[in-house]
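**Student:** Single-letter residue listing:
2 protein chains.
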Amino acid sequence: MNKKTVLDSIFAPRSVAIIGAAQSPPGGVNTGQLFLEAITTFGFQGPVYPVNRNPGTVNGLPIYTALREIPGPVDYVISCIPASGITDLIHDCAAKDVKALCLFTAGFSETGTEAGRLLEAQICDLAEATGVHVLGPNCMGVYSPKAGLSFTSDFPREHGGVSLICQSGGNTLYLVRAAAERGVRFNKVLSYGNAAHIDESDLFEYFMDDDETRVVAAYMEGVKDGRRFLDVLTRLASAKPVTILKPGQTPEGCSAAASHTGSLAGSKEVWHSLMQQSGAVEVSTPDELVDMIVAFTYMKAPQGRNALVFGNGGGASVLATDACASAGFKLPPLPDVIRQQLRNAMGEAGNILGNPVDIIPALADDETYCSLLRTFYGWEGVDLVLLQIPLRGIMLPLPVATLLFESQMNNAIKVGQETGKPLAVIVHCLTSWESCQTAADFRRKCYEAGVAVYNSVHGAAKAISSMMRYYDNRKVA
Amino acid sequence: MNKKTVLDSIFAPRSVAIIGAAQSPPGGVNTGQLFLEAITTFGFQGPVYPVNRNPGTVNGLPIYTALREIPGPVDYVISCIPASGITDLIHDCAAKDVKALCLFTAGFSETGTEAGRLLEAQICDLAEATGVHVLGPNCMGVYSPKAGLSFTSDFPREHGGVSLICQSGGNTLYLVRAAAERGVRFNKVLSYGNAAHIDESDLFEYFMDDDETRVVAAYMEGVKDGRRFLDVLTRLASAKPVTILKPGQTPEGCSAAASHTGSLAGSKEVWHSLMQQSGAVEVSTPDELVDMIVAFTYMKAPQGRNALVFGNGGGASVLATDACASAGFKLPPLPDVIRQQLRNAMGEAGNILGNPVDIIPALADDETYCSLLRTFYGWEGVDLVLLQIPLRGIMLPLPVATLLFESQMNNAIKVGQETGKPLAVIVHCLTSWESCQTAADFRRKCYEAGVAVYNSVHGAAKAISSMMRYYDNRKVA
Chain A
1 MNKKTVLDSI FAPRSVAIIG AAQSPPGGVN TGQLFLEAIT TFGFQGPVYP
51 VNRNPGTVNG LPIYTALREI PGPVDYVISC IPASGITDLI HDCAAKDVKA
101 LCLFTAGFSE TGTEAGRLLE AQICDLAEAT GVHVLGPNCM GVYSPKAGLS
151 FTSDFPREHG GVSLICQSGG NTLYLVRAAA ERGVRFNKVL SYGNAAHIDE
201 SDLFEYFMDD DETRVVAAYM EGVKDGRRFL DVLTRLASAK PVTILKPGQT
251 PEGCSAAASH TGSLAGSKEV WHSLMQQSGA VEVSTPDELV DMIVAFTYMK
301 APQGRNALVF GNGGGASVLA TDACASAGFK LPPLPDVIRQ QLRNAMGEAG
351 NILGNPVDII PALADDETYC SLLRTFYGWE GVDLVLLQIP LRGIMLPLPV
401 ATLLFESQMN NAIKVGQETG KPLAVIVHCL TSWESCQTAA DFRRKCYEAG
451 VAVYNSVHGA AKAISSMMRY YDNRKVA
Chain B
1 MNKKTVLDSI FAPRSVAIIG AAQSPPGGVN TGQLFLEAIT TFGFQGPVYP
51 VNRNPGTVNG LPIYTALREI PGPVDYVISC IPASGITDLI HDCAAKDVKA
101 LCLFTAGFSE TGTEAGRLLE AQICDLAEAT GVHVLGPNCM GVYSPKAGLS
151 FTSDFPREHG GVSLICQSGG NTLYLVRAAA ERGVRFNKVL SYGNAAHIDE
201 SDLFEYFMDD DETRVVAAYM EGVKDGRRFL DVLTRLASAK PVTILKPGQT
251 PEGCSAAASH TGSLAGSKEV WHSLMQQSGA VEVSTPDELV DMIVAFTYMK
301 APQGRNALVF GNGGGASVLA TDACASAGFK LPPLPDVIRQ QLRNAMGEAG
351 NILGNPVDII PALADDETYC SLLRTFYGWE GVDLVLLQIP LRGIMLPLPV
401 ATLLFESQMN NAIKVGQETG KPLAVIVHCL TSWESCQTAA DFRRKCYEAG
451 VAVYNSVHGA AKAISSMMRY YDNRKVA
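Protein chains in written order, with this note's numbering: chain A, 1 to 477; chain B, 1 to 477.
Hints listed in this document are in silico derivations from the structure and should not be mistaken for laboratory results. Note that the structure is a prediction, hence the values are computed from the model and not measured. A few of these clues could be false.
As the list claims (entries may be wrong) - In silico DSS-like pairs for lysine-lysine, Cα to Cα no more than 27 Å straight-line:
hint : chain 1 : residue 1 : chain 2 : residue 2
1    : B       : K421      : B       : K330
2    : A       : K268      : B       : K421
3    : B       : K300      : B       : K224
4    : A       : K475      : A       : K330
5    : A       : K268      : A       : K300
6    : A       : K330      : B       : K268
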């Protein structure tokens, strides 16, 4: 069976079995039950079979005491049992004609022990011999909302165009949740652990031909076959945006990556040069990865590097300027005619009538404010407009600040939609959790209107700049 | 009158008058009323007098139509009237023997107009001639919780040992609120705007002899007199920790700083060398400034650069390692005897028994867990312990994750207090506002127990490293 067919079955299986699932003991957690809950919450259409040596029920479903007892066919198996049981399980899977086995099970090469390495190698051989494809080990597997598959109940149910692979289960959880807060919806997500059998190159190759995947993101601690990876990545990056976070860029981080997924992280310089050659976008932190995905999902690339920054706060405006300039943007001075228009509408004192523009929105009614915005956006000297909202960087109590900023944001989005100029909104300076709640609400309003929303001006400027560089490289290549 | 006496009156005046205060119009905001509300909320002990050309009442207080009509003495005056009225106001202040006038009023050199520059110069001359010291213009003035003075109602009422000066009012608001969430309590805070008359050197000199100020922080866009500033800063930094954020490090940022506070930002290189010479700690963002304040307030400096990182999540541990190594920390491998102890208690699979240690706290009861922690903390090979809590980087639903992490954190704090080894807790991977609420609760538990708490491993490692360098330099000097 070719890998494409196998991966089709992984991302959209007809049926799923969970080995080791049982009712959680009092005060404890049965991971199999968590997987089961996530899959049923997501409304998976096919049958889900809990399997456990001990009979009984879990979440109202009867437990099968062995894979072979399941009446129907099983495409995809999730294993939550200890490593010692895995070779037997692969034989059972082969007998049942299972297409893929996801090993949540850990205790292999990542332990750094000889026994762990041997067991992992043995499992790969067995996978090859039996034709049962193995995901992981030491991974959480698939989140494929369109197919109703997930490994946690709180991921978004809606699907989108972003596919993500991630060697760390924990980072997958964080990345999906953090990106979801910014309006990103995923198509196919895979936590792929040690990548012993199915690896990053297989997955990138698969995404290349997957029409539903429009943007690819990855967190990878190492690469199995550098030559093949460079080839696949270069082809993928010339077809669709790809952005990759690779930790282990310090010697200490390399050794931590080895302890986590048994990965050989390689040197920072080699990786950097590989990324440059491939045309993919390199990022340094999980939050930068999310920022890149937001840029590729919600923004069209500006035509040039002239930005207009507006919003509230003198200090915030100065810091925003440094952030934009560091990312390679210019902030051309506002033309005199626009300055004069602003001065007439808002007065001079307490406002900065330059670029950045720092105006107190309370000073103007909606109509005046929108007409100023039309002038900003319409100015041919700028390619990109950034609205920065320093939520707790103003004097007013949060409820009053919320009203003020919300009307400013709504106007900015409205006029942005009218003019079609690239726009990003930055909601920052969050302090209390109440301000985080307001920010969550603001973010949702932005992405529901199709507008990119960021948590820092630095993050926005860096991601938009990298996106522009990505498309420029693709034009040249 | 010398500047010390004046600054004493600014930070703890006997009485305050607010020029321009009136009841806010429907749908609008009278800033004078906001100042008045903040001061009365803070329980200022002396009289507060609203002054406005139009008689009436505001917040139940009678409005005086002129400063001279106020029966008692007035130490400190806040002006919310337009710039055109300021020269007359200084004369009125002189007649009333006012010690200091805080100009919230803007519209001076920061406008970039010749008229604005002239007016600012004129006001300085008048201040010198009359002996009425001027704060600002274009500033929010004083937050001095011990004296019951504030310019917003939601700052902490309790005082602490940190004094902060800040050329941006908005950044003052953000910095105080953000630091408050991390347990920082302030002694004297001043938003000082254009620094036309009272400047950064005056303030640093004052803090040097102020026993209540134990840590000094600043956001400054420019320096009035470089030679004097270097001298004052060097003396201050040799006596107490000082940390400074200075934006305008790009040419574009310089020009934004000029538009904001009329500051001449100078070159990045000159500033960097001045900071190096002085021994003060340079930071690049508001959040780094808060991280530094937290280090100086809540941590004792580790004796060396060997760190132990523990917490949950393989990917989070790898990223944490990079962050620590980049900041100059070593993560020595866990000795075999401790590894074995961990293995016995927790098992191998799914855990990383190295350094970082990634163990699932649910696997051990409190007693076993605390005994493991005692071994970590007691290990002579480490000088610093970091607990990283990736709140939404685990599979479990937030309420279950909260319980689990909270008990882990409580144990870590408890054992930390027993052993006295430097400890910092990092609560990160926040996504939904509900997770921000849990994080706020965790942070409060940390700082109430006297433990430093951070929002990122990177932020913690960088700040602790800079703190160590600060104390090392002071030892040498």
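**Student:** Decide, hint by hint, whether the structure agrees.
**Tutor:** Outcome of the hint check:
For the suggested pair K421(B) and K330(B), the alpha carbons sit about 16 Å apart, so the restraint of at most 27 Å is met. Of the supplied pair hints, the one linking K268(A) and K421(B) is violated, its CA atoms being roughly 33 Å apart against a limit of 27 Å. For the proposed pair K300(B) and K224(B), the alpha carbon gap of about 34 Å is over 27 Å, so the pair is violated. For a cut-off of 27 Å, the pair hint linking K475(A) to K330(A) stands: about 22 Å separates their Cα positions.
At roughly 31 Å between alpha-carbon atoms, K268(A) and K300(A) are farther apart than 27 Å, so this suggested pair is violated. Restraint check: the Cα-Cα separation between K330(A) and K268(B) comes to about 18 Å, which is no more than 27 Å; the hinted pair holds.
Going through the hint list in order, the structure does not satisfy hints 2, 3 and 5.
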